[in-house]
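Order-wise, the sequence lines are chains C and E. Residue numbering for the first sequence follows our numbering, beginning at 3 and increasing consecutively. Residue numbering for the second sequence follows our numbering, beginning at 340 and increasing consecutively.
Calculated directly from the structure, the hints in this document are not laboratory data. If you're wondering where the values come from, they're calculated on a predicted model, not measured in any experiment. All residues carry an ideal CB built from backbone N, CA and C; glycine is no exception. Careful: at least some of the hints might be erroneous.
[As the list claims (entries may be wrong)] Which residues of chain E face chain C? A partial, calculated answer using Cβ under 8 angstroms:
#	residue
1	578
2	581
3	584
4	589
5	635
6	636
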Amino acid sequence: MSASPPPPRLSPHSPQLFAMSCGCFAYHAGSGGNVLHHIDLHITPGQMYGLIGPNGSGKSTLLDLLTATRFLQRGQLLFQGRAINDVSKKELATRIALVPQQFATGFDFTVAELVLMGRYPHIPRFQSPTSHDYDLLEAAMRAMQIDHLSHRLLSDLSGGEKQRVVVARALAQDTEVLVLDEATASLDIHHTIEIMRVVRNLVSSQGRTVIAAIHDLNLAAAFCDQIIVLKEGRVYRVGTVVETLTPQLLADVFSVQAQVQGGSHGHSLRIHYSL
Amino acid sequence: MVVENTHSLKHSPRKGGHSALMFLGLFLLTAVIMATGMGFLTITPWEVIEVVWARISGTPLNPAMNPSFPFVVMEVRLPRILAAALVGGGLAMAGAVFQSILLNPLADPYTLGVSSGAAFGASLALVLGIFGITIPAFFSVPLFAFIGAMTTLAAVFFLAAPDGRLSSNTLILSGVIVAAILSAGIGFIKYLADEQVGVIIFWLMGSFVGRTWSDVLLLAAFTLPCLLVMLYFARDLNVLALGGRMADSLGVNSRQVKKTLLFSASLLTAICVSVSGIIGFVGLIIPHLLRLLLGPDNRLLIPACFFGGGILLLTADTITRAWLPTELPIGVLTSLIGGPFFCLIFRRRQLGQRV
Numbered sequence: 003m004s005a006s007p008p009p010p011r012l013s014p015h016s017p018q019l020f021a022m023s024c025g026c027f028a029y030h031a032g033s034g035g036n037v038l039h040h041i042d043l044h045i046t047p048g049q050m051y052g053l054i055g056p057n058g059s060g061k062s063t064l065l066d067l068l069t070a071t072r073f074l075q076r077g078q079l080l081f082q083g084r085a086i087n088d089v090s091k092k093e094l095a096t097r098i099a100l101v102p103q104q105f106a107t108g109f110d111f112t113v114a115e116l117v118l119m120g121r122y123p124h125i126p127r128f129q130s131p132t133s134h135d136y137d138l139l140e141a142a143m144r145a146m147q148i149d150h151l152s153h154r155l156l157s158d159l160s161g162g163e164k165q166r167v168v169v170a171r172a173l174a175q176d177t178e179v180l181v182l183d184e185a186t187a188s189l190d191i192h193h194t195i196e197i198m199r200v201v202r203n204l205v206s207s208q209g210r211t212v213i214a215a216i217h218d219l220n221l222a223a224a225f226c227d228q229i230i231v232l233k234e235g236r237v238y239r240v241g242t243v244v245e246t247l248t249p250q251l252l253a254d255v256f257s258v259q260a261q262v263q264g265g266s267h268g269h270s271l272r273i274h275y276s277l
Numbered sequence: 340m341v342v343e344n345t346h347s348l349k350h351s352p353r354k355g356g357h358s359a360l361m362f363l364g365l366f367l368l369t370a371v372i373m374a375t376g377m378g379f380l381t382i383t384p385w386e387v388i389e390v391v392w393a394r395i396s397g398t399p400l401n402p403a404m405n406p407s408f409p410f411v412v413m414e415v416r417l418p419r420i421l422a423a424a425l426v427g428g429g430l431a432m433a434g435a436v437f438q439s440i441l442l443n444p445l446a447d448p449y450t451l452g453v454s455s456g457a458a459f460g461a462s463l464a465l466v467l468g469i470f471g472i473t474i475p476a477f478f479s480v481p482l483f484a485f486i487g488a489m490t491t492l493a494a495v496f497f498l499a500a501p502d503g504r505l506s507s508n509t510l511i512l513s514g515v516i517v518a519a520i521l522s523a524g525i526g527f528i529k530y531l532a533d534e535q536v537g538v539i540i541f542w543l544m545g546s547f548v549g550r551t552w553s554d555v556l557l558l559a560a561f562t563l564p565c566l567l568v569m570l571y572f573a574r575d576l577n578v579l580a581l582g583g584r585m586a587d588s589l590g591v592n593s594r595q596v597k598k599t600l601l602f603s604a605s606l607l608t609a610i611c612v613s614v615s616g617i618i619g620f621v622g623l624i625i626p627h628l629l630r631l632l633l634g635p636d637n638r639l640l641i642p643a644c645f646f647g648g649g650i651l652l653l654t655a656d657t658i659t660r661a662w663l664p665t666e667l668p669i670g671v672l673t674s675l676i677g678g679p680f681f682c683l684i685f686r687r688r689q690l691g692q693r694v
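With the sequences and hints as input, model every part of the structure.
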C-alpha cells in the first residue's frame with residue numbers, strides 16, 4: 003500500500019490491527035448452533051477490507067465482534083495486541099466507528115445534533131464541544147454532502163439522506179478503524195459511489211483501516227484491497243480481489259455462475275453473472 | 340465552494356434551552372406561591388412569602404396578619420402543594436426516561452407495570468384488615484405500594500434478562516405480561532374486599548389530600564438523587580436513541596445504562612405512586628410536549644420535565660382543591676384532561692403532521 007501519514011498506532015509486538023484466533027460465537031450458547039466457527043483472521047492496518055458472503059454467513063456477527071458489541075465465546079481476539087475485552091468501551095469508541103445498515107430513532111434530533119454524537123466519546127461528560135469538534139463535524143457533513151441539511155430534523159429526510167447522516171456521524175468520530183455493515187445498501191448508485199470514495203480516501207491518504215460488509219461484489223472489487231469471504235460461519239478465503247473473486251469461488255460460495263473480466267490492472271475487475 | 344460558517348452549527352434552531360429551563364423554574368416557584376394563597380381562605384402571595392420567610396429565618400410575624408395564616412400555609416397547604424409538585428416532576432422525569440429507553444414517545448412511567456404493582460400492593464394493604472391484620476393504613480399503604488412496585492420491576496427484569504441488550508420490545512412485552520397478571524390479582528382483592536372496595540378504588544384514583552411534611556421529605560429524598568443520576572446519564576440516553584448497537588459503538592455500555600436508568604425511573608415512580616396513588620398522563624404528556632418544544636436532547640429535557648410536571652400537577656391539584664365545589668380525585672382530573680389531549684396528539688401523528 004502507498005505509504006501515507008499519519009501511520010496508525012501499533013502495538014510493538016504485532017503489526018496486526020485485529021488478530022482473531024480460533025474464534026467461536028453462537029447466539030444461544032450450548033445449543034451447538036455456532037454462527038461463527040474457528041475463525042482465524044488478521045486485519046492489517048492501512049487497508050480496505052471487503053467482507054463478503056451469502057446471507058446468514060455471519061458477516062454482521064463478525065463485525066459485532068470486531069466492534070466489541072459482542073464477545074467471542076471461545077478463542078481470542080486481539081486489538082492492537084491487547085485482548086479486546088480488556089480495552090474499555092470508551093477507548094474503543096475513540097478507535098473504532100460503526101456504520102450500520104439502517105437505523106431508526108423515534109426522536110427528532112437535527113442532523114447536526116446527530117452527527118455531533120460522533121464526538122461524544124471524545125468530549126468529557128458535562129463539557130461543551132470545542133471548536134475542534136465543530137471543525138470535524140463540519141468536515142464530516144461536507145464530505146457526505148449534507149451540510150445544507152444541518153438544521154433539518156431527521157424525520158424530514160429521505161432514507162438516503164439519513165444514511166449519509168449516519169456515515170457522517172461515524173466520520174466525525176474520527177477513528178483509526180471504520181466498520182461499515184452494508185452501509186450503502188439503501189443508497190442510490192451516486193451516493194453509494196460517493197461514500198465508497200470518501201471511505202477509500204480515508205484508507206489511501208490517511209492510512210486508516212476500513213472493514214466493510216458489502217453485498218455488491220462489483221462494488222467490493224472496485225474499492226477494496228483485500229476480500230474476506232465468509233461461508234457458513236467460516237472464513238472461506240482471504241486475499242486480494244483477484245485472488246478471491248474467481249468464478250470457482252463465486253460458484254462454491256454464492257452458487258452463482260459468473261464470468262470475471264479484467265483484474266490484472268488493480269481495481270478494474272468486473273463480474274458478470276449468468277442469469 | 341462556500342465554506343459554511345462554523346458558528347452556525349453551534350446554534351441549532353433550538354437554542355435558548357437554558358433560558359427555557361430558567362423560565363420553567365421560575366414559573367414553578369411562582370405557581371407554588373400563588374397556589375398556597377388560593378383556597379377557602381385567600382392569602383396574598385406577599386403574605387405567603389412573609390410566613391415562609393418568618394419560619395425560615397425565625398423572625399416574628401407581622402402581628403396584623405390573620406393568626407391562622409401561618410398554620411394554613413405551613414401545615415396545611417404547603418406540604419400538599421410541594422408533594423403535588425414533586426410527584427408531578429418525578430413522574431414527568433420518569434416518563435421522559437422511559438420514553439427514551441423504550442424508543443417510544445408514547446411510553447409512560449407505568450409502561451413496565453410499575454403502577455399495577457403499586458396498586459396491587461396498596462390494595463393488599465387495604466384489605467389486610469379483613470384477615471384480622473391491623474397495620475395503620477397511612478403507614479402500610481405507601482409501604483406495600485412501594486414493595487409491590489419494586490417487586491414488579493424485579494419480575495419484569497427477570498423476564499427480560501435473557502435478552503442481552505434489554506431491547507425495547509422485550510421490556511414492553513414483559514411489562515404487559517406482569518401487569519396483566521397483577522390486574523387479575525387486583526380484581527381478586529376487590530372481590531375479597533366486598534364493602535371496602537370503595538377505599539381501594541379511591542386510592543387507585545390518586546389524591547394529595549392530607550399530605551404532610553414527611554411525605555414531602557420522602558419524595559425529595561428520592562426525587563433529587565434520581566434527577567442527578569438521570570442528568571449524569573442524559574447524554575448516554577441520547578445515544579441510546581440510536582439503538583443499542585450504535586450506542587455500544589459510541590462507547591456507551593447500553594445494557595448497564597439502561598438498567599441503571601430503568602431502575603431509578605421505576606424507583607421514582609414507585610415512590611410517587613406510594614405517596615399519591617396512581618396519577619395518569621402527567622408522565623406521558625409533559626415529556627412529549629416538552630420534547631416538541633425543546634427538542635429531544637435529554638440533558639435539557641429531563642430537568643425541564645421536572646419543572647413542567649411539577650407545574651402541571653400542582654395546577655391540577657389546585658383546581659380540585661380550590662376551585663371545584665367538591666374535591667375530585669386528581670387522577671381522574673388528569674386523565675379526563677390528559678386523555679383527550681393525548682388523543683389529539685395521537686391523531687395528528689397518524690395524519691403525519693408534527694405537532
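**Cut-off 8 angstroms, beta-carbon criterion: hint that residue 581 of chain E touches chain C** = holds (6 angstroms)
**Prompt:** Are residue 589 of chain E and chain C close enough, Cβ to Cβ, to be under 8 angstroms, as the hint says?
**Reply:** This interface hint holds because 5 angstroms falls under the 8 angstroms limit.
**Interface hint outcome for residue 578 of chain E [beta carbon to chain C under 8 angstroms]** = holds (6 angstroms)
**Asked** Per the CB criterion, is residue 584 of chain E less than 8 angstroms away from chain C?
**Response** With a minimum Cβ separation of about 5 angstroms from chain C (threshold 8 angstroms), the hint on residue 584 of chain E holds.
**Message:** Using the nearest Cβ pair, does residue 636 of chain E come within less than 8 angstroms of chain C?
**Reply:** holds (7 angstroms)
**Message:** For the restraint on residue 635 of chain E, tell me whether the closest CB of chain C is nearer than 8 angstroms.
**Reply:** This interface hint holds because 4 angstroms falls under the 8 angstroms limit.
This entry satisfies every hint, going by the numbered hints stated previously.
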